[in-house]
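Take a look at the letters that make up each chain.
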Amino acid sequence: MEKILTKKSFPAWVKKLQSYTVYSPEKQENLWSYEVIQNPDKLNLEHLNTVLAPKKITYPQREIFLQFNTSKEGKPQIKEVLPEEHPAVIFGVRPCDAKAITLTDKVFGEEPKDPYYWSRRNQTILVGLTCNPPPSPNCFCLSVGGSPHSKEGLDILMTDMGDKYHIDSLTKKGEKLIKAAENLFKPASSKDKKELEKIQRESEKKIKREVKDIKNIPDKLKDMFESPFWDEEAMSCIRCGICTYLCPTCFCFDITDELTSTLPLKGKRVRTWDTCQFPDFTMHSSGHNPRPDKASRLRQRMLHKFQYHVENYQDYLCTGCGRCISLCPMGIDIIEILNKVREHE
Amino acid sequence: MVNLEEIKKEAKKILEEGKVKYIIGYAKSSKALMAAPAFVKKPEDIDKLIWDPTCFQNLVKFLLDEKRKKAREKEPDTRPVGIFVKGCDSRAINVLLQEKFITREDVYIMGLSCEDLGVLDEKKIFKKLKGEKPEKIEFDQRKNIVISTKEKTIKIPLKEILAERCLECTSSFPVISDVFWGDRNNRSPKEPFKSLEQIESLSQEEKWDFWQQQLSKCIRCYACRSVCPMCYCDECVVDSINLAITADTTAEEKAQKIKWIEKSPESSENFGYHLVRAMHLAGRCIDCSECERVCPVDIPIRFLNKKLEKVAKELFDYKAGLDPEQPSLVSSFKDEDPEDFIR
Amino acid sequence: MAEEFEPKIIAFLCKWCSSAGSDLAGVSRMKYPPNVVPITVMCSGSVSPLYIFNAFQKGADGVLVSGCHPGDCHYIQGNFYARRRIALVKELIEYIGLEPQRFKMSWVSAAEGKKYTQIIQDFVQELKPLGPQKKLRREK
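Residue numbers (my numbering), protein chains in the order written: chain A, 1 to 345; chain B, 1 to 343; chain C, 1 to 140.
Source of the hints: derived by calculation from the structure; they are not laboratory data. Treat the hints with caution; some may be incorrect.
Below, simulated DSSO-like cross-link-like pairs (lysine-lysine); rule was C-alpha separation at most 27 Å, straight line [what the hints assert, rightly or not]:
id: 1; chain 1: B; residue 1: LYS31; chain 2: A; residue 2: LYS205
id: 2; chain 1: C; residue 1: LYS135; chain 2: B; residue 2: LYS257
id: 3; chain 1: B; residue 1: LYS259; chain 2: C; residue 2: LYS135
id: 4; chain 1: A; residue 1: LYS151; chain 2: A; residue 2: LYS186
id: 5; chain 1: A; residue 1: LYS42; chain 2: B; residue 2: LYS128
id: 6; chain 1: A; residue 1: LYS198; chain 2: B; residue 2: LYS150
id: 7; chain 1: C; residue 1: LYS31; chain 2: B; residue 2: LYS259
id: 8; chain 1: B; residue 1: LYS123; chain 2: B; residue 2: LYS41
id: 9; chain 1: B; residue 1: LYS133; chain 2: B; residue 2: LYS257
id: 10; chain 1: C; residue 1: LYS15; chain 2: B; residue 2: LYS217
id: 11; chain 1: B; residue 1: LYS150; chain 2: A; residue 2: LYS72
id: 12; chain 1: A; residue 1: LYS79; chain 2: B; residue 2: LYS31
id: 13; chain 1: A; residue 1: LYS72; chain 2: C; residue 2: LYS140
id: 14; chain 1: A; residue 1: LYS268; chain 2: B; residue 2: LYS190
id: 15; chain 1: A; residue 1: LYS266; chain 2: B; residue 2: LYS254
id: 16; chain 1: A; residue 1: LYS266; chain 2: B; residue 2: LYS259
id: 17; chain 1: C; residue 1: LYS135; chain 2: A; residue 2: LYS268
id: 18; chain 1: A; residue 1: LYS208; chain 2: B; residue 2: LYS155
id: 19; chain 1: B; residue 1: LYS41; chain 2: A; residue 2: LYS208
id: 20; chain 1: A; residue 1: LYS72; chain 2: B; residue 2: LYS217
id: 21; chain 1: A; residue 1: LYS27; chain 2: B; residue 2: LYS28
id: 22; chain 1: B; residue 1: LYS41; chain 2: B; residue 2: LYS8
id: 23; chain 1: A; residue 1: LYS208; chain 2: B; residue 2: LYS257
id: 24; chain 1: B; residue 1: LYS28; chain 2: B; residue 2: LYS100
id: 25; chain 1: A; residue 1: LYS176; chain 2: A; residue 2: LYS186
id: 26; chain 1: C; residue 1: LYS90; chain 2: B; residue 2: LYS259
id: 27; chain 1: A; residue 1: LYS27; chain 2: B; residue 2: LYS152
id: 28; chain 1: C; residue 1: LYS140; chain 2: A; residue 2: LYS75
id: 29; chain 1: B; residue 1: LYS257; chain 2: A; residue 2: LYS340
id: 30; chain 1: B; residue 1: LYS259; chain 2: C; residue 2: LYS114
id: 31; chain 1: B; residue 1: LYS254; chain 2: C; residue 2: LYS90
id: 32; chain 1: B; residue 1: LYS259; chain 2: A; residue 2: LYS268
id: 33; chain 1: B; residue 1: LYS130; chain 2: A; residue 2: LYS27
id: 34; chain 1: B; residue 1: LYS28; chain 2: A; residue 2: LYS208
id: 35; chain 1: B; residue 1: LYS130; chain 2: A; residue 2: LYS208
id: 36; chain 1: A; residue 1: LYS206; chain 2: A; residue 2: LYS191
id: 37; chain 1: B; residue 1: LYS28; chain 2: B; residue 2: LYS143
id: 38; chain 1: C; residue 1: LYS115; chain 2: B; residue 2: LYS319
id: 39; chain 1: B; residue 1: LYS127; chain 2: B; residue 2: LYS31
Please read all numbers here as calculations on a predicted model, not as lab measurements.
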């Protein structure tokens, strides 16, 4: 269903969504971040790439699994803690971040399904925004099977057309959102649809960076496991964890027990984000570490994203958002590494 | 004046003579405003070395990796590593020497003076460019930076976009080196800790609100720790991995294991991590401000460390990294140490 | 009538002087507020900033570090190191906006039972109007 919504009426639509927790990009000092809307009149969808992807809402950094306690007789008591009922709408989702959410959906959707992830995910409605211009100088979504106007994973796709938005409702959840303020929307005319196509073509041309012939890379990587190539590339890595924490597709986690008291034994079992780039990520309890050096960890990140995930799920575990390139403190560039892999003997 | 060709000549010479294993320097990266660390092993590769205000990384961090690598080799190559250092970086080497983490023979220090400038601050430039991508940059003789984007070309005086720490720098030239380029003019800013006033002048509740707001952004990516050359502990206080957990480990054993700071990014834990890190760096931090530069959520970490630097100077007359023979701040004392706060 | 707030103080007392001093206060039946949880450490110089921050994280309303007088340390120099380190911790705590009255250091010898009781009494009086410490406390 294609509709038109004037920019003037946009706050009115948001105000009708009282039953949801509405998130949108907000500028805090110099950085953009998805936060709960305080004032719908001040909504701004001209954002650059946020530091943390919207995955922080569907898959937060800290999740409580269960609480445990000891009764007076010394018996253990365990209580499951599922996330609260939390219908949410996120505005201004970039198509790359939405596609990333579909990738994590596949991983957490395997049997047994992760109830914590899905109780949030099922209640989250993603409203996307066509990237025109691209939000980051390092965007390369076109190279990994995405596009600045891709609909994958979105419930609605909005496109900025000057003084109005083109609204493309893609799922039942999206239609429900539109029905909440039906009178604000007009059907899209054929002129609007032509304008939309023009904007979509333009948006693709503005993506400057690319990885050529990415289809050959998974096989190339397979042969490069023992190569000293990784030692060279990883020399400037400082194993900080920024690339993985900001990546919208990364999903590795750690489970720890946080105790509030030892006698009686009381506490919570908590899941937090973790990263394969930390040296002790693969530390075994014997003290052996199969990935003791930076080269093996960089290799792991590249192979996971561009070979293992391709073999298991037939898709790259990268949506070309460019955050890892923009924020790596030492200038390690995933596009350059892939290009070098392609040229490697 | 620091001449790049002379630097390259010396670099080529020591590589050809086999005097050093390899040289850690700066090269161009895919981002116009930032140099990337370069590891030059062969004399024919020295042309990729650059030296300009985009070279802001602290390369001393990579000496730690070198030490770890040597520890794993059966017959390690004992030649030194050549490293380019600026004034601030050289003091990091002094601290590592002071703590006997490396020996003087492990490094061949190639000192570069910033003269009367410093390094640029990417974030300040991005603010001026308002989201446009810098495609190409040039430095002209009159100490300006000329930035070309797709849309336009703008010229900004370097003094406007220098890193904050350069504006407060007291020694813009390396204090320890084997070879040296540039001048040795001391800078004496009248008030070296002036930037702290914006926080010190706040009321107690305002201070708390400021730090609470800033540290709640922390995602505990530990980039600040990873980039700091002084953070070299094999097991950091936040990592607590030293208990082998097997299937037989009882709940009591797990409970009694000392874990000072939890992994969750809760406010109390974030404070715990940053405060402990500031304490562990007291008297050791040399204000290269890399921690603040790398933070992806823009926490002003430098102000925490700078405060203790000021306390060290004012209460104990101590400055980190000036002399590899000086004792460390917290394992030394003077009879005159203040005790008016003790009842 | 509402219950009056009773602050909880964690005191790190060095074994040879301050802890003995607090014992003397007890043995002499001196009266002082029961708000203190004493933790004996071998020397005030062994008190790490982690102990102090952790005490606040676990809900302490006030933290006291007490050691031997300068020159009397059982380990000769431990309290001199403590004097430096605790000065740094105190500056840092004040800098982040935690009430500076919540953190104190004292020299208490094994004979100064009375001084110890006075320190605790004054500490409790200072903490009562400040209320519970919520800033660094872990969430339940």
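Structure-based check of each hint:
no. : hint                  : in the structure
1   : LYS31(B) / LYS205(A)  : holds, 21 Å
2   : LYS135(C) / LYS257(B) : holds, 25 Å
3   : LYS259(B) / LYS135(C) : holds, 20 Å
4   : LYS151(A) / LYS186(A) : holds, 21 Å
5   : LYS42(A) / LYS128(B)  : holds, 23 Å
6   : LYS198(A) / LYS150(B) : holds, 22 Å
7   : LYS31(C) / LYS259(B)  : violated, 36 Å
8   : LYS123(B) / LYS41(B)  : violated, 32 Å
9   : LYS133(B) / LYS257(B) : violated, 49 Å
10  : LYS15(C) / LYS217(B)  : violated, 41 Å
11  : LYS150(B) / LYS72(A)  : violated, 71 Å
12  : LYS79(A) / LYS31(B)   : violated, 50 Å
13  : LYS72(A) / LYS140(C)  : holds, 20 Å
14  : LYS268(A) / LYS190(B) : violated, 52 Å
15  : LYS266(A) / LYS254(B) : holds, 12 Å
16  : LYS266(A) / LYS259(B) : holds, 15 Å
17  : LYS135(C) / LYS268(A) : holds, 21 Å
18  : LYS208(A) / LYS155(B) : holds, 24 Å
19  : LYS41(B) / LYS208(A)  : violated, 33 Å
20  : LYS72(A) / LYS217(B)  : violated, 40 Å
21  : LYS27(A) / LYS28(B)   : violated, 31 Å
22  : LYS41(B) / LYS8(B)    : holds, 13 Å
23  : LYS208(A) / LYS257(B) : violated, 52 Å
24  : LYS28(B) / LYS100(B)  : violated, 33 Å
25  : LYS176(A) / LYS186(A) : holds, 16 Å
26  : LYS90(C) / LYS259(B)  : holds, 23 Å
27  : LYS27(A) / LYS152(B)  : holds, 25 Å
28  : LYS140(C) / LYS75(A)  : holds, 21 Å
29  : LYS257(B) / LYS340(A) : violated, 46 Å
30  : LYS259(B) / LYS114(C) : violated, 36 Å
31  : LYS254(B) / LYS90(C)  : violated, 33 Å
32  : LYS259(B) / LYS268(A) : holds, 14 Å
33  : LYS130(B) / LYS27(A)  : holds, 13 Å
34  : LYS28(B) / LYS208(A)  : holds, 19 Å
35  : LYS130(B) / LYS208(A) : holds, 18 Å
36  : LYS206(A) / LYS191(A) : holds, 23 Å
37  : LYS28(B) / LYS143(B)  : holds, 20 Å
38  : LYS115(C) / LYS319(B) : violated, 37 Å
39  : LYS127(B) / LYS31(B)  : holds, 16 Å
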